[in-house]
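One line per chain: the protein sequences are A and B, in this order.
Mapping of the first sequence onto my numbering: position 248 corresponds to residue 363, and the numbering continues sequentially without gaps.
Mapping of the second sequence onto my numbering: position 110 corresponds to residue 108, and the numbering continues sequentially without gaps.
Treat the hints as calculated values from the structure; they're not laboratory data.
Note that the structure is predicted; figures quoted are calculated from it, not measured.
One thing to keep in mind: the hints can contain errors.
[Stated by the list, open to error] Which chain B residues stay away from chain A? Per the calculated CB distances, all over 10 angstroms, these: (1) R7; (2) S18; (3) P21.
[Unchecked claim] What the simulated footprint calls covered on chain A by chain B, stretch by stretch (three residues with Cβ under 8 angstroms from a Cβ of chain B suffice, anywhere in the stretch; the number is not a length): (4) 154 to 168; (5) 201 to 214.
Glycine is no exception: its CB is placed at the ideal position from the N, C-alpha and C atoms.
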Amino acid sequence: MTIRVFVPADSSALSVGAGDVALAIAAQAAARGSAIELVRNGSRGLSWLEPLVEVATPAGRVAYGPVTVADVPGLLDAGFLAGADHPLALGLTDEIPYLKKQERLTFARVGITDPLSLADYAAHGGFAGLRAALSLTPGEIVAAVTESGLRGRGGAAFPAGIKWQTVLAAAGDEKYVVCNADEGDSGTFSDRLLLEGDPFCLIEGMLIAGLAVGARKGYIYLRSEYPHAWRTLNAAILRAREAGLLGDDVLGSGRSFDIEARLGGGAYICGEETALLESVEGRRGQVRAKPPLPAITGLFGKPTAINNVITLASVPIILASGAAFYRDYGMGRSRGTLPFQLAGNVLRGGLVEKAFGLTLDELLNDFGGGTASGRPIRAAQVGGPLGAYVPVQDFDLPLDYEAFAARGAMLGHGGVVVFDDTVDMGRMARFAMEFCAAESCGKCTPCRIGSTRGVEVIERILAGENRGTNLPLLEDLCTLMIDGSLCAMGGMTPYPVLSLLKHFPADFGLADK
Amino acid sequence: MIHSELLHRLIAAHPPRQDSLLPILHSIQDELGWVPPEATEPLARALNLSRAEVHGVISFYPHLRSVQPGRHVLQLCRAEACQARGSAALEAHVRARLGIAFHETSADGAISLEPVYCLGNCACGPSLRVGDEIVGRVDASRFDALLVALQEDVA
């Protein structure tokens, strides 16, 4: 009997040797006369265990990890193809507490299926949302998304249904759906995991979005830093087209929708929606003034529903299981689940999809297991390079958009970067400004010039130069950037800086306030 | 004009519209490893743009290189998640080993070093990218082994 063995082809797994492990397992199993079918799945999101190899057994999938090429002969000797015990054995994958405690709605298939198998996709609930949507009017689809409480997962958390309603109601013969896959925030990788692990889920979400707003064409703008995702995504689009899922007659419905993937150019600012649209149109990725909103005047001047990967990939389950099913997860106005990403100096880094409402402490200590270095956690930066640093005393914060905002922080795209007590916060504050200077699109002065002045004044404070004057100057500069910048790049770079000044003044040579 | 034929073939493979510019530039760089200056004029003509507009796009995107790189382009992640895992020390080691700073090419022409802000491998950092491969959990010894392999690879 052929045994199914799963070795992820996800970027993270490949980055730590999964490609060679897969080759070694295939070659050595063949040499021993064992018939195996090697499936290159996406990642389960247990990044610290990558490469995580699984074997299908009658009792379920059994996991081993992290597996190196050198471990392969020993694993075969121990009988891992039958799920036998071994020092690297982790038991049944589904029983690993990190996974078992999650609530995987958007990531239900990621790591389980073959990412490029439409049959596998359909066998695991794929297309149920699209089929439901095909029987609804555009208004009914939009209503379902609105009622689900789904908010933009890219970071801004704007209600997706309201955005879609605006596009639906906008006059125009041509409308577009644009997927923002320019996941540039450090500490975030959920878009990538989904693109590499379940690309048909995004395609299904975009199809539903197209039906909802009346668009026949969708674009996916992917960052160039994701070469593996680019290959997987293009292969998935091709297969979807061949299967009649995309094209002139979507699933035989007579409706038309196609998707084109575009590759970015390494510019962080293109994750800002209007800069992204400029980039797709073939120009420098410079931010547009708003209004007009992209929902009214978007891509090529047409009404455009532009959403993040996770937002769109959450739509199929909402249509398949109903708005109430999704809305029943979460707390307050943060409904559903968020795929949190545990990154940086954390023992068990990876993807944790949970309903909103668990605390940062639960996420970082119960799931994350504290730091990888074994030292105490000092702070976590939540929400990417524009997000505040949250000190340990605030780890009681529930993961909820409003709760974070109330304490001057933001949840953003759900990325959490953990730092231990060796971190130099003065250096991190300087880096925040340096990053903004490197990535500013240059259109508005507070961001373009302010970031460089920010680096300089932080350097002077750190050097102990005239702190009494330079500290108010930095605070004044931050206020100006917040109030005067055209977009979140310059407008939010001050948040990490100000949070560090507030919580860690000693790192700037300042006395505790 | 050694690239002339190639440029015209790549340009002709896309619709003659402004939004084809970035896809064409990617295809040029995929073929040549960079975007040579002689690409600007035919691109502008084909897409009905000014040379300034084409140059503006090439110079805006860090991914696009207007200078010929070394045999391998090595991008080292400088973002926060990798910093939390010790990338600053790795960065110092890499610069010392190669004897170059960011945006420079080693004397033997083997490696061009570039900064990158996040490769999406944030739970397995420090990370770097060589060509289209991402390498995670990089420390000084893993980097040294990788460097030997790259220096020997003259293909």
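Which of the listed hints are broken here? 2, 3, 5
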